[in-house]
Structures are given as C-alpha cells and as structure tokens.
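Take the two lone chains and join them into the complex the hints point to.
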Amino acid sequence: MSNKLNQSMSLAKPDAQDLSAKQKIALAIGFTGCFILVLALFNTDFSNKSLFLTLSIALIAVGTIIFSNDAYLNTSKGIKNDGIWFKSISSKGVVGWLIGVLLTLFYIVLYFYPKYLGLTSNGESNTGLIALFDPLSDLLSSRPASQWFVYGTLYTVAILIFGYKFMLKYRNNRHEKLRTISVMFFQLAFAFLIPELMYRLNSDLPYYDLKSIWPLNYYNFERYRINQFIDAGDVGLGLLIFGIASILIITPILTYKYGKRWYCSWVCGCGALAETAGDPYRQLSDKRQIAWKIERWVVHSVLVFVVLMTTAVIYTYLGNDASKYWLTRKVFLLLVSTLLSLVFILTMIFKRKELGKDARYGAIGYFVIIITLIGLHYFSTDTKLFLFKSETLRTTYAFLIGSIFSGVIGTGFYPIFGSRVWCRFGCPMAAILGFQQRLFSKFRITTNGGQCISCGNCSTYCEMGIDVRAYAQKGENIVRSSCVGCGICSAVCPRGVLKLENGSMKGRINPTEILLGNDVNLMDLVNQK
Amino acid sequence: MEHIVIIGNGISGVTAARHIRKLSNKKITIISAESDYFFSRTALMYVYMGHMKFEHTKPYEDWFWEKNRIDLKKGFVETIDTDTKTLHFSDGEKLDYDTLIIATGSKPNKFGWKGQDLKGVQGLYSKQDLENLELYAPNNKTCKRAVIVGGGLIGIELAEMLNSRNIPVTFLVRESSFWNGVLPDGESDMINRHIKNHHIDLRLSSNLKEIISDENGKVKSIIIEETNEEINCDFVGLTAGVSPNIDFIKHSDIETNEGVLVNRFLETNIPNVYAIGDCAEQREAIGNRKSIEAVWYTGRMMGEVLAQTICGHKMTYNPGHWFNSAKFFDIEYQTYGWVHGTKGKPDYEAHVHWKHDDDTKCITIAFNKNTNQFLGINTLGIRMRHEVFDRLLTEKRDIGYVINHLSEANFDPEFYKHYEQDIQNAYKNQLQIV
Ligand SMILES: Cc1cc2nc3c(=O)[nH]c(=O)nc-3n(C[C@H](O)[C@H](O)[C@H](O)COP(=O)(O)OP(=O)(O)OC[C@H]3O[C@@H](n4cnc5c(N)ncnc54)[C@H](O)[C@@H]3O)c2cc1C
Ligand code: SF4
Ligand code: SF4
Numbered sequence: 001m002s003n004k005l006n007q008s009m010s011l012a013k014p015d016a017q018d019l020s021a022k023q024k025i026a027l028a029i030g031f032t033g034c035f036i037l038v039l040a041l042f043n044t045d046f047s048n049k050s051l052f053l054t055l056s057i058a059l060i061a062v063g064t065i066i067f068s069n070d071a072y073l074n075t076s077k078g079i080k081n082d083g084i085w086f087k088s089i090s091s092k093g094v095v096g097w098l099i100g101v102l103l104t105l106f107y108i109v110l111y112f113y114p115k116y117l118g119l120t121s122n123g124e125s126n127t128g129l130i131a132l133f134d135p136l137s138d139l140l141s142s143r144p145a146s147q148w149f150v151y152g153t154l155y156t157v158a159i160l161i162f163g164y165k166f167m168l169k170y171r172n173n174r175h176e177k178l179r180t181i182s183v184m185f186f187q188l189a190f191a192f193l194i195p196e197l198m199y200r201l202n203s204d205l206p207y208y209d210l211k212s213i214w215p216l217n218y219y220n221f222e223r224y225r226i227n228q229f230i231d232a233g234d235v236g237l238g239l240l241i242f243g244i245a246s247i248l249i250i251t252p253i254l255t256y257k258y259g260k261r262w263y264c265s266w267v268c269g270c271g272a273l274a275e276t277a278g279d280p281y282r283q284l285s286d287k288r289q290i291a292w293k294i295e296r297w298v299v300h301s302v303l304v305f306v307v308l309m310t311t312a313v314i315y316t317y318l319g320n321d322a323s324k325y326w327l328t329r330k331v332f333l334l335l336v337s338t339l340l341s342l343v344f345i346l347t348m349i350f351k352r353k354e355l356g357k358d359a360r361y362g363a364i365g366y367f368v369i370i371i372t373l374i375g376l377h378y379f380s381t382d383t384k385l386f387l388f389k390s391e392t393l394r395t396t397y398a399f400l401i402g403s404i405f406s407g408v409i410g411t412g413f414y415p416i417f418g419s420r421v422w423c424r425f426g427c428p429m430a431a432i433l434g435f436q437q438r439l440f441s442k443f444r445i446t447t448n449g450g451q452c453i454s455c456g457n458c459s460t461y462c463e464m465g466i467d468v469r470a471y472a473q474k475g476e477n478i479v480r481s482s483c484v485g486c487g488i489c490s491a492v493c494p495r496g497v498l499k500l501e502n503g504s505m506k507g508r509i510n511p512t513e514i515l516l517g518n519d520v521n522l523m524d525l526v527n528q529k
Numbered sequence: 001m002e003h004i005v006i007i008g009n010g011i012s013g014v015t016a017a018r019h020i021r022k023l024s025n026k027k028i029t030i031i032s033a034e035s036d037y038f039f040s041r042t043a044l045m046y047v048y049m050g051h052m053k054f055e056h057t058k059p060y061e062d063w064f065w066e067k068n069r070i071d072l073k074k075g076f077v078e079t080i081d082t083d084t085k086t087l088h089f090s091d092g093e094k095l096d097y098d099t100l101i102i103a104t105g106s107k108p109n110k111f112g113w114k115g116q117d118l119k120g121v122q123g124l125y126s127k128q129d130l131e132n133l134e135l136y137a138p139n140n141k142t143c144k145r146a147v148i149v150g151g152g153l154i155g156i157e158l159a160e161m162l163n164s165r166n167i168p169v170t171f172l173v174r175e176s177s178f179w180n181g182v183l184p185d186g187e188s189d190m191i192n193r194h195i196k197n198h199h200i201d202l203r204l205s206s207n208l209k210e211i212i213s214d215e216n217g218k219v220k221s222i223i224i225e226e227t228n229e230e231i232n233c234d235f236v237g238l239t240a241g242v243s244p245n246i247d248f249i250k251h252s253d254i255e256t257n258e259g260v261l262v263n264r265f266l267e268t269n270i271p272n273v274y275a276i277g278d279c280a281e282q283r284e285a286i287g288n289r290k291s292i293e294a295v296w297y298t299g300r301m302m303g304e305v306l307a308q309t310i311c312g313h314k315m316t317y318n319p320g321h322w323f324n325s326a327k328f329f330d331i332e333y334q335t336y337g338w339v340h341g342t343k344g345k346p347d348y349e350a351h352v353h354w355k356h357d358d359d360t361k362c363i364t365i366a367f368n369k370n371t372n373q374f375l376g377i378n379t380l381g382i383r384m385r386h387e388v389f390d391r392l393l394t395e396k397r398d399i400g401y402v403i404n405h406l407s408e409a410n411f412d413p414e415f416y417k418h419y420e421q422d423i424q425n426a427y428k429n430q431l432q433i434v
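Just so you know, the protein sequences line up as chains A and B, in that order.
Just so it is clear: in the first sequence, position 348 is 348 by full-length UniProt numbering, and no numbers are missing.
Just so it is clear: in the second sequence, position 390 is 390 by full-length UniProt numbering, and no numbers are missing.
Quick caveat, the hints were computed from the structure, so don't treat them as lab data.
Some clues are possibly wrong.
Stated by the list, open to error - Which bits of chain B does chain A cover? Going by a derived footprint, with three or more residues having C-beta under 8 Å, they are:
1. 39-49
2. 55-64
3. 122-134
As the list claims (entries may be wrong) - Keeping only pairs whose Cα atoms sit at most 30 Å apart, straight-line, the calculated DSSO-like set for lysine-lysine is:
4. K196(B) x K80(A)
5. K114(B) x K73(B)
6. K218(B) x K343(B)
7. K53(B) x K77(A)
Built from N, CA and C at the ideal position, the CB exists for glycine as well.
The shape of chain B in the complex, shown without the other chains (with noise of 0.2 Å):
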C-alpha cells in the first residue's frame, strides 16, 4: 500500500491527511516534532491569556487519528533522502515513504541582531515559545517590562497577551505607522490610537539596534537604533514577521530559496514530493498574492488541493479571492479582495473611507478609479459576510452597487447598530470631493 508521509502536524498537514482519508485507504504518517496532537497555532495567546487550556487549541479529539487510521509520529526529521525515499529523525531512526508532504511551517526571523539569542528573547510561533514565555513572563514581578519588535499580526498579539498579565509592554514598530504596509493610512492610524488606549509604549518608527545581557545570560536591555534610548526589560519577544522553516532540507535535492520551491501542482523538483503551506514557495506569485503564504487559510486551501493530486484527480493550486481576518485587541479585522496600504497601491486603486466616531469601527473599499470595478474591502470593528464580497468580487460589480449593497453583507450580531447609511453618505460625500 502506498505510504504517505507528512512532514508537520499542522494545518497544512492534518488538512491534506484528512481529505486524502476520505478519498482513499493508502497508509498516512504524520510527523511532527512539537506536540503529540494537531493544535491550533492561532490559539496560542489564548492560552497564555487564560481564555482556553492547551487541550482546547487541538480540533480534534486524541482518538480521532487511530480512528481515521492516521499515524501520529513524533520525532525531528533531519535529513530526507529523496533517493532512497528515506527519512532520517535526530534520534537515528528512520521512516520510508512513497510520497513525501513537507508542511513543515514556518520559523520567527531574526536578523542577526546582537543578543538575539539570549534568554527571555524569543519568537511567538511554537508550543515551546509558548512555554519559555510563562517561564520568562509570568507575571509583572518576573518581568517588569517587556519589549515587543516588530508590529505586524503576531507583534500585536504578544503586546496584547502581555498586558492581559499587566506587564507594561514597549513596542518597537519600524514603520512610521502600525502595519501600514498592509493597512491604508485611516485603518493604520485608528489603530495606532487604539494600541495607545491599552497602554502600551508604542514607539513607531523605530528599529532595534542591540538586545543587551546581564551577567546570567539573561536580557537585561535593549536599545533603540533611532535614538540610542536603551529600555529595561525581562523579556524581549521578536515578531518581525517569520520565514518558511526548511534548514533541514537546504542539502537534499529538494530545490529551495526561501521556501520549498514548488510549481501549480504544489510538486517540488523531486517527483512524488510535494510542499503546501507557510513553507512553500511558489515559483511564480499568483496573482497580488506572494509567493510565499503564511496564512491559516492558505495553508488549508493547499492541502485540500493536495489531496485532490495525490489521490489521483491532479488539480492546480488555484485559490479563489484573497480573504483574511485578524482581531487587534478588541477590534476585529476583515478583509476581502485586495485594498493596499500607501506604499504598495497600484496607481488605478482609489478608496472610500468611512470611521465610526467611537474610533473603533471603520471601513475602507477599493475601487478602480478607471473603470469603478470593486477591488475589495478592509473592514474593523464590524463583521461582514464573506460569501456576499466573494460573490461582488466574482460578479465584478462596481462601486456603487457595492455601497448600496453593503447590508446584505452585514454580519454582526442580531441588534447590533447598522452603519451602512453613514457609509453610503461618505461615499457621496467623498465623490464630490473627487
């Protein structure tokens, strides 16, 4: 029987584990060096905040794998011979496979800066980052400060775990503005504001320059490029984004760059092997999206392709319209099609901007100033539909329709307030000012 061997117990893995289950019998491993059960990444700083217990993050029950006849296997692989289709683990022992799935993640970056590697300075990625955090952040007696590098989705996040324990938190962004390398400029900024309201020491604009030890080997404290101002602090958390976690196969013939180079098929340059999830990369970017996607969703949306392949109904990689969501402190983030921040905004992008006067709820919606086509919406603060703007978006309808079409896509909960008249008035409004 053909044996299937999964590197990572990951969405990516688990989802193209579960979905080759259904459509065969062949023999599945997976393999994972992190925790003995699929847990849920994303659920790590609830953890940590005390809203769940670990056991909560794993989806599935611990005896749903026996039952589906999927091998669990723990151990670190540490190199993969694709000639003799063999892999090798760190304790010596090795595992055959005829097909190779390599979802093995992705890692924190560091860019070599001096004291990164000290104690009470880490990434959030793992279950073990988790844990070294609780060893080195329990509470605000152990760390009386803590500073956070790197403003982008898990940046945000630590900031907002650490305050959940009242540890004052010293957040170094090197943008001028939060994310604002994704976010248009009013997003950014409302979120700037709102990061200040839960007190946390937002520095923008500035880089790190040095992590500083004490005598134990311990971080003592850091200091800012921009000013050479040096902070306290007990812990130090690197969030300056991650980078698909492949060192291992850097000397097998598996073709790499940054990621494991894989074309539509999600085949890699060794036949019968393949790599899905934050650790791919694509050969070619599809459409605005990167070529490499270290998101949820995509590393989902690959493995259920993947089984497709593999179970004999080849099929590409071919997502549909981008969509992706992310909560900063209380507000949540949704986002449909594309809307880019200043920087990256094709020249034909106009946008209509509506914000809440509460300063928490704001909406941003893309459009073609040529040809008034929908692009896409950014929306804080309130919930919308996905199926509604994955339809405008198909249906390629333009702006107007869009606006007034807004509360078919209306998520919130029963009772909530609506906003759509506002929007629809900001829209006339910012027109005759166009």
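Isolated chain A, as found in the complex (with noise of 0.2 Å):
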C-alpha cells in the first residue's frame, strides 16, 4: 500500500501554475528567435538575411511547439483552463499589461512610424527589421519588403503557432481542430501567399486577399484600386466583381445556411488571430450587460460610418454625365438608398417582432444614412460633401477605425479587453454578419434542456462577451447577433448543455420560463401563453 503511495507521489505531473523546466527552455529557445528580430530592428547588419529570417522564425516556432507539447500532451484530454486566473498573463496581471503595452507600442509604430522598423523612402534599399525581411519577400513576389509584408508575416506565423497550441488544448474536441486548421489554411493561403503570388502573375493587379470582404477591406472601392482592377482586364474586373457580389450575394448565403461563424471563425483573419494567438486571454472579455449596451452602438455606428464613407468616396469619382458612363453620381445614390431602404422595410415587415426594441435603433441607424445621402446631392460640389472633402472622411476612417481601432486597440489591448475587442465593438463585417445571424440564419446554440448548473463556464470563456449562461439556465437557445460560433462556451461547459447547431427557424428562438424536466402541466401552463 504504501508502496504505492511512494509510486503516486514521485509521478512528476506539469505544474499547473508555474512553469516546468521544459516549458522554460522552449520560452528561452523562442525569445533568442525574437531576439535576433529585436536586433534587426536596431539595425544590426546580418551578412546573410535569409539565414537570420529563417533562424529567427525557426526558434520561434520550435519554442512554441516545445512549449504546447510539454503543457498539453502530458496531460489527459479535456478543458485545460487550470490556473487560467492565478497567471499573471492572463488575468491583467504585470505580465499581461506588459505585452498589452509591448503590443500596442507595435502597432503605433507600424501604422504611424514605419521609418523605425526599417522603411525608407525614394526607392532607397530597406534598412532594419523590413530588411531583414527582404529575402523572403524576393521569393515570394521578387519586390522588397513593406511594413506590411513583415506585418503579414509576422501575423501568419502567429496564427500557424498558436494555431498549434489551440489544437493541442483542445485536442478532445474535432470541432475546434478542424476549424484552427480552417483558420491557419486561409490566413497562409488567402491572405499571404496568393496575394503575392497572384502579384507575381500580374503586377497590375492590386493586393487583394481573396477573403477580405468589404466592409473590413473598406478600401477595396477606392478609385486607385478600381483603376487596378480596371487596368488589369478580365481578371481585374472578375475580382472587382467577386468583391461586391461577397458582400451582397455570398455572404447572405452562407450566413444564412451556417451562421457567422463561417467567417468569423473558420475564415477571417482578425478572428484567427483572435482564436488562437488571443485565446490566453478570452476570458477577460467584459460580461456585464452595460458592456453589450455599449457594444451595440458603437459597432453600429462604426458600421453607419463606413457606409457613409464608402459611398461618399464612390460617389466623388464618379461623373455626372450619364451619356459617358450609365453609373453617375445620381444613379449611384439611388441605387445606395434603393438597397437600404428595401433591407429596411423587409425587416420592418418580417422581423419586426422578434426585433422588440433593437427596431428603433435600427431605424434611427438608417434614417442617418438616408438623410445624408439626400445631404450628400443637394449640398455637395464637385470635391466636397457638406463641408467635407471625401478624402478627409477617407482618412478619418482609415485613421480612427482602420488602424487605431482593429490594430492598436484590437489586438494591441488583447491581454486587457479580451481577444475579441475589435470583432466585438469595431468590425463593420461582423455587425453585417450579425444583423443576418439575428435575423435570417438557421444557426443557433441549443441548450440541453434543463442540464445547466449555472455554473458559468459558458460566459466566462465565452469572448464575445456573451453571458450565455443567462439563455442557457433558462433552457433558451443562444441567437445573438454578436456570437461568433467558436464553440468554446460548448466545449468549457461541464454538463455537455451546449451545442451548435443549424437548424430550422421555427422555434430558433424559444424563450422559456419553466425548464424542461419539471411537471409537464406546469411547463405547459408557464410557457405557452
């Protein structure tokens, strides 16, 4: 008896709050890979780059893996969150605050200074980090190397790590496997190597990530890219093509069919990051009810912003002259509120029961826009709408949401609001997504009737913000515009009461006030009023 005592006590098991020998070596062996990137920066001159890249980018993987195996393969599968809110990194302890400020500090640098990473200008060679990154970059597109190349590799390698980890942590679940592998497939095909590819082919052709759908590319209907697209003939005009149809006709489809997850967490780039780089720091996501009243309108409003701004810039390069071309300003405008004004009003027919209150805000959202697209005509000349110029609209977006907003804050704060910061308060696609999933999607997150425990599990890994506990000790299915389907408050939940799920839309959304397993009369009394 004893004996085996003795036996169960030397077993040595990964500790769950500090870090194993092993796990410090991989830390050691990946840092030396940022090291050699950090030195770059400072302009140390590598005799040989593709050698330091490709050295600097090995270490780091190899500490990432070395580090994954040894914190999840030595365990049993399951839920591994044990210690989750006793590390410092990922419950806003020192640490956490450190990369949040590391991170942000990155981000500012790469949208505001690129100079400090490398970048020259008058076609002088690059300098530092981007240098470093030359190599690769001749590869892949025989050009030199951006800020946005390194950023786009950098981005790449993260999510093909991390991606490994979040399989490794959730190597019990096939549903999460297969949708990190989805993630890693499109961030390495569709956002890095295709783009620079097809450039390769034709150099004519804009960079154009085939996934990136507008309103997240808000440029991709700029004048510049649609002369590209113009220029670049056929192919140039099947993309431009492709670009609005993902947005009007796919989209709707597959959101329909599948929910929003099939973008946000089987494609998108910001939600991979999110998903597996951010998946430390789910949990931090805000729960409190004043959080999504907050939520809801700014990612409204971001959404109203670059509705606006993108019909604004549209509309400045177009002609009034119909003889020359059919699509003139005038036309344009009509066609902009014709759309809305029928997305409108099917709403306001179909669903505006099921919409309770969120209709006004709704209304008010679109009475906005049409009130400044009829602004828009009467009142703009030649280079101005209202009093401003199109292209300062432009650069406000660019600026507010497309850099400080899903780059500073959204990722940059991830250690401090969550993974999800940006897919949650600022992405003008989710909120599109969102409003479909509301409205018109079969999918759902089911609850097992009355198994919840309320434990809480749900919400509290859930990083949309979701209090998904509240649907699911009510036994209510889960049909929030804001879910991105990653499955997580399923896998976490210790009662097996979640599920996702496409289903029909009869009965998606099925408030109860009595769970199933009490007296069939009193279920029947309470819950069919």
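Below, the structure written as structure tokens:
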C-alpha cells in the first residue's frame, strides 16, 4: 500500500501554475528568435539575411511547439483551464499589461512610424527589421519587403504556431481542431501566399486578399483600386465583381446556412489571430450588460460610418454625365438608397416583432444614412461633401477604425479587454453578418433541456462577452448577433448543455420560464402563454 | 402587502423569489448568512482551480436584485417563532414574515470520526469551505498530501481540484468501486481507472478510522480502518454525503425528520411555512426518487412550483422524468430515467452496455426484461439530448426503438465521431448471449 503511495508521489506532473523546466527552455528558445528580430530592428547588419530570418522564425516556432507539447501532451485530453486566473499573463496581471503595452507600441510604430522599422523613401533599399524580410519577399513576389509584408509574415507565423498550441489544448474536441486548421489554411494561403503570387503573375493587380470582404477591406472600392482592377483587364474585372458579390450575395447565403461563424471563426484573419494567439485572453471580455449596450452602439456606429464613407468616396469619383457612363452620381446614390430601403422595409415587415426595441435603433441608423445621402446630393460640390472633403472622411475612417481600432486597440489590448475587442466593438463586417445571423439564419446554440447548473464556465470563456449562462439556465437557445460560433462555450460546459447547430428557423428563438424535467402541466401552463 | 421571507439564497430560494416576482407584487426578502449575492455552488471547484473568479459564479449581476425589488439581507437566522411569525437573528435582530420559505440547503456529513473538527479537516459545501481550503491547501508545499473521505460526486470534484494544484491525493472510498451504489459496474470500473490515470491514490473498500492531530490542533495524519495504515497529510476533505442544514429549526414548531417535512404542496405542518430544495424531506418519496433530493435541478423545480402555489395557483411538486449530470475529471456523465447500480437494481431491470476502446466513453441502457420497456440511460463521455429521452420515456418506447433512434439524441459538438452503429452492434451481440 505504502508502495503505491510513493509511486503516486514521485510522478512528475506538469505544474498548473508554474512553468516546468522544459517550458522555460522552450521560452528561452522562442525569445532568442524574437531577439534576432529586435537586433534587426536596431539595425544590426546581418550579412546573411535569409539565414537569420529563417533562424528567427524557426526558433520562435520550435519554442512554441516545445512549450505546447510540454503543457498539453503530458496531460489527459480535456479542458485545460487550470490556473488561468492565477497567471499574471492571462488575468490582467503585470505580465499581461506588459504584453499589452508592447503590442500597442508595435502597432503604433507599424501604422504611423514605419521608418523606425526600416522603411525608407525614394526607392532606397530597406534597413532594419524590414530589410531582414527582403529575401522572403523577394522569393515570393520579387520585390523588396514593406512594413505590411513584415506584419503579414509575423501575423501568419503567429496564427500558425499558436494555432498549433490551440489544437493541442483542445485536442479532445474535433470541432475546434478542424476550425483551427481552417483559419490556419486561409491565413497562410489566402492572406499571405496567394496575394504575393498574384502580384508575381500580374503586377497590375491590386493586393487582394480574397477572403477579405468589404467593409472589412473598406478601401476596396476606392478610385485607385477600381482603376487598377479595370486596368488589369478581365481578371481585374472578375475580382471587382467578386468583391461586390461577396458582400451582397455570398455572405448572406452562407450566413443564412451556417451563421456568421463560417466567416468569423473559420475564415477571417482577425478572427484567426483572436482564436489562436488571443486564446489565453478570451476570458477577459466584459460580460456585464452595460458592456453589451456599449458594444451595440459602437459597432453599429462604425457600420453607419463605413457605409457613408464608402458611398461618399465612390460618389466623388463618379461623373455627372450619363452619356459618358451609365453609373453617374445620381444613379449611384439611388442604387444605394434603394438597397438600404429594401433591407430596411423587408426587415420591418417580417422581423419587427423579433427585433423589439432594437427596431428603433435600426430605424435611427437607417434614417441617418438616408438623410445624409440626400444631403450629399444637394449640398455637395465636386470635391466637397457638405463641408468635408470625401478624402477627409476616408482618412479619418482609415485612421480611427482601420488603424487605431482594428490594430492598436483591437490587438494591442488583447491582454486587457480580451481577444475579440475589435470583432465585438469595432468590426463593421461583424455587424452586417450579425444582423443577418440574428434575423435570417439557421444557426443557433441549442441548450440541453434542464441540464444547466448555472456554473458560468460558458459565460466566462465567451470571447464575445455574451452571458451564455443567462440563456442556458432558462433553457433558451442562444441567438445573438455577436456570437461568432467559436464553440468554446460548448467545449467548456461541464454538463454538456450547449451545442452549436444549424436547424430550422421555426422555434429557433424559444424563451422559456420553466425548464424541461419539471411537471409537464406546469411547463405547459407557463411556457405556452 | 404580503411579506414573503425566504431563508437561503441558493438556487431553490432564488428561483422561488424570481418566479414570485414574475407572478406578483408581493414584498420579497431573501436571507443568507453565507454570501451577499446568489452564487452557483456547483462552480466552487472552478474558482479553486483557477478557471473562474468568484464573481463569475454569480448568475445575476448585483443590480438585478434591486431592479426586481427583491430585498437581500445578510444574517444568520437562529430561531423561528411560528406563533408570532418572527425570525430571530444571531445578532439579536428580528424580522416579521407573512409567508416563510425555508431553503437552507445542506451541510456536509460528519459521522463522529475522532478528529473530525481539527484544523485542516472540512467538507466542501460553502463559500467559507472554499476559503478554508485555500488556507490549508493552497499548494503542494503547504499541503504535501490530502486525504479525501467519501467517494461521491463532491469527493471526486475535490480530488480534481487538489490535483489541479499538484497536491497528491489519497481518495478513501467505502464502496468496492467508485459510486457503485448508483453506477452500474461497467461504468464504475471505467471511472476507477480514469481516477487512477489522474495519479490519484484511489483506495477502494477503505473507511476512515480516525484523524490524528499535531501539537497545534491541526491534522497530521489519518488512519484507515481496514488496514490500520497511517497516512500523513495536511488536509482532510470530508465528502461522505450531505444532510439537510436544519439544526436551528429543530426546536421550533416546524416538524422535521432528517429534513423539514413537507407534503406534495411543499407545505410544512405550519400554515404559510414551506420548505424547498436540499433541506426539504417529502413525507412520502415520489416514485423512485429519494425523499430528500439534494441536487440543483430539484431545488430549482421546487422553487418554480412553489411560486405558483404562493401566487394563488396551487400546485403539487410533480417532477417529470428523473435526470442528472456530473463530471468525473474529463468524463462527462448524464443520466435520464432510471438506471440502477448492482445494489439497488430491481429484478425486472436489465442492461445493455457498450464501452469504447479508449476507456473514456460508455453507455448503459436500462429496460424492463419482461416488457422490453425503456427505463433509462446513463451516458459517459457522449452528450445526449435531454428532450429526446424525456420524450422516449413518456412514450414508453421499447429498447429496440430506443437503440434505433439513438442518433436523434446525440448532442456532441459537430464533427465528433458517432458511435450509434457500434452501440447497435453491442445490443445485438448482447441479445444473442442472453
Ligand atoms: C461542490 C458542490 C458541487 C455540486 N455539484 C452539483 C451538480 O453538479 N449537480 C447538481 O445537481 N447538484 C450539485 N450540487 C448540489 C447542489 O449545489 C445543491 O443541491 C443546491 O445548491 C441546493 O440548493 P439550495 O437552494 O437548496 O440550498 P443552498 O444552495 O445550500 O442554499 C442554502 C443557503 O441558506 C443559507 N442558510 C442556511 N441556514 C441559514 C440560516 N439559519 N440563516 C441564514 N442563512 C442560512 C446557507 O448559508 C446557504 O447560503 C453540488 C454541491 C456542491 C457543494
Ligand atoms: S456564445 Fe459560445 S460560440 Fe458564441 S462566441 Fe460566445 S463562446 Fe463562442
Ligand atoms: S451552460 Fe454549461 S457552462 Fe454554462 S452555466 Fe450551464 S452548465 Fe455551466
């Protein structure tokens, strides 16, 4: 007997709170890789850039792989959240803040001071960090690297290595593994390789990440791009049409069938980073009702902003003369207003009841846009819209939303606000898909009868800040516009209460008062009012 | 205005309050000595394991109560005077009620073991228990070994908790196999192996003899009854079941046995005094159920029903088909209807059992061997739909029908492997043997 005792005492198990020796070594390896990047940043001249770049990325990857293997492969398959709220990095401790500050600084430099990364002007060759990436860029598209190439490469590497970690962490869950393979693939192929190769084949084509859809790529319909598309001939025209079809035809259909998760959790690059590198921070999203209120105002304001901005930008480069080209300013504004009115009227006719109070906010948004559009037409000159230049509108959007929100706050603040700050508060694409999901989708999270024990794991680990438990403990399906269908609530639920499903539209929203398991008569009495 | 006072802010009391509020404008006060706000007891383990912070265990935000005009009062009720309809608190305060709901929950069992009140010896039930656990077993330096006494659902949760902090655990289980008073043998065996895989020193057929103190009145070791073996430890978890937390009621006029005695309307012997949840004892057990049902769901259901009665729509507590769930380390467990372990199994009950080779999934389906009627299912490692089995039970389907409709009930996440075919094959094979 005592023999048994000793045996179990001597078994080395990975410590939940402290790092094991192996994990420390892994960290050291990873940091060495990062250190090469830092050296490059400070203009260390590596004679063999290809070698050092490869070395750097390889070390980072190997470090992460060893770390993940040690952290997860020695343990049984299951939920691996032990100690999350004790670790400084994942509970807004000093380490968390430090990472937040570093990431934020990186984004500020990237967006506003790329010269510190080594970007030069007037065709001089790159220096510093960007120069280190020249060989890779040259290999892919035969041109020198830019700050965006460096960013894209690091971004892709992050998704791949943390995707690996994520898959080990959730290796009991096939849904999570497949989803992660999907985002890793789309990032590597569609966001990283294909655009570079496309450039190689046809350098007239604008950079086009095919999975990035307006309004996420808010710049897609700007004049210079339209010109590029058109100049690039049939392929370019095809891409342009694809760009328009993506948002107007493809997304509504896919969202109807699968919910917005087909994009947010299986394809999108922002989602991909949030789900992989951001996974240790998902529990930090604010679950309070007040946060939900703020979220709805902010994200829908961004949507209104991007619609107006894009319309204004296109409007200014269109002509007035119908004999030259059918798409004049007037026709364009009419098209936009008709589309919006159609959506608005149809929604009000068919979904007014479901929307409840939200209908009012929808109406406000709609009228703001329409009135602005009318104003646009009557008060604008050739270069000015009202008093602004459309260019000002565009740069303001690019600055506030495109850079500050999606980059600096959206990713830099992962360790503070959770991994999906951007997706939740800022992304206009998420707002559109969310609208579709809430109103016209087969997707819902089903709750399992009366099985919920209100433990709160689901709410805690929902990165979108949805109070999943509030629904589950009432036996009510979760149909929320913000749900990105990551499936983690379902994964962490200890009682098997939640299942992401596509089913029929009927009975999708099912508020109940009395849960299954109680007196049948009582359930009938109370639930079928 | 009628004043409804509820002692206990657990799931039972809070559910009753919420539903009374929905149905009426009565004044409602909830009393608790444990916490300012309702929290989910079932989530205590996740706080210790670092999955959640305590605030995450609160199902409602703090503003909820005022908004719904539910008064919260912190205090310990010492006596109930049913003649004057007054509660007396330990600090001398008083509170009058018109209607009283007793929802005081349970307390951990202590069977008079020597040393059971030492420092470092405790159950796992309340928020205070969690705080003490943090004190005596914060890590494996302060607590070099922990012993858990009692192999039930809370015992195994405590083992998982301590394990998450790398504290070596010896787990004393009185039965010859884990929870086999409830689980059929195949399942119980599988869980035994699963427990051992998590490096728990599982001791079956082992009882606690006594707990030995060090010079400071803190636990030093325990002795096992059967072998007289002494095991050094810094913490002892007593998890040999719970019983109603009603000591303070015993000297009132309210009739009690082990719990507060109630009829099917959840009424006690005193008019306008009701009892629900863990602390209530049915004068006559309902169907196969125990007369004291100490689970989350039944507490909630009693709260739901009682609210109707109090708001003028008198109803009996008449629960539907039995269901329950738990988790044993990484293995989720759900049950619908009745599946008995070897001990309590009625003669007519027969089982179909299937287990996956990976030793983490199995199901047992119980049926009546005379009529073939489906009686219940236990499922480990595979999620199943409550609604489907509830319906199958109501429709009194036979076992063959159930086996053929298992895929309807599957509730595992998308893309998971399905095992219905394997289970059907197991069914056919086992039929041939029988
Ligand atoms: C660790 C743990 C895990 C569990 N897991 C599950 C599970 O997975 N599934 C499941 O179905 N069940 C589970 N249970 C059981 C479930 O939690 C209980 O059945 C349920 O909480 C009982 O609710 P209740 O409202 O009847 O009482 P309680 O939740 O116990 O609430 C009673 C409240 O009354 C207070 N009180 C008592 N006496 C007085 C007094 N004199 N004055 C003032 N206040 C007083 C107590 O302090 C307490 O706050 C678990 C229990 C524990 C301890
Ligand atoms: S509700 Fe669940 S699936 Fe939806 S975003 Fe939150 S955790 Fe992910
Ligand atoms: S749905 Fe699951 S995780 Fe969420 S509160 Fe209920 S039991 Fe807990």
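The hints, checked one at a time:
Residues of the segment 39-49 of chain B lying with their CB closer than 8 Å to a CB of chain A number 5, which satisfies the three-residue condition for coverage. Coverage of the segment 55-64 of chain B by chain A holds. Counting CB-CB distances below 8 Å, 5 residues qualify, and the rule asks for three or more. Check on the segment 122-134 of chain B: 0 of its residues sit with their Cβ under 8 Å from a Cβ of chain A, so the three-residue criterion for coverage is violated. For the given pair, K196(B) sits about 19 Å from K80(A) by alpha-carbon distance, which is consistent with the 30 Å threshold.
With a C-alpha separation of about 37 Å, the suggested pairing of K114(B) with K73(B) is violated against the 30 Å cut-off. Annotation: proposed proximity of K218(B) to K343(B) is violated, straight-line Cα distance about 38 Å (limit 30 Å). Proposed proximity of K53(B) and K77(A) is supported: the alpha carbons are some 24 Å apart, at most 30 Å.
Hints 3, 5, 6, counting from the list given before, are not met by this structure.
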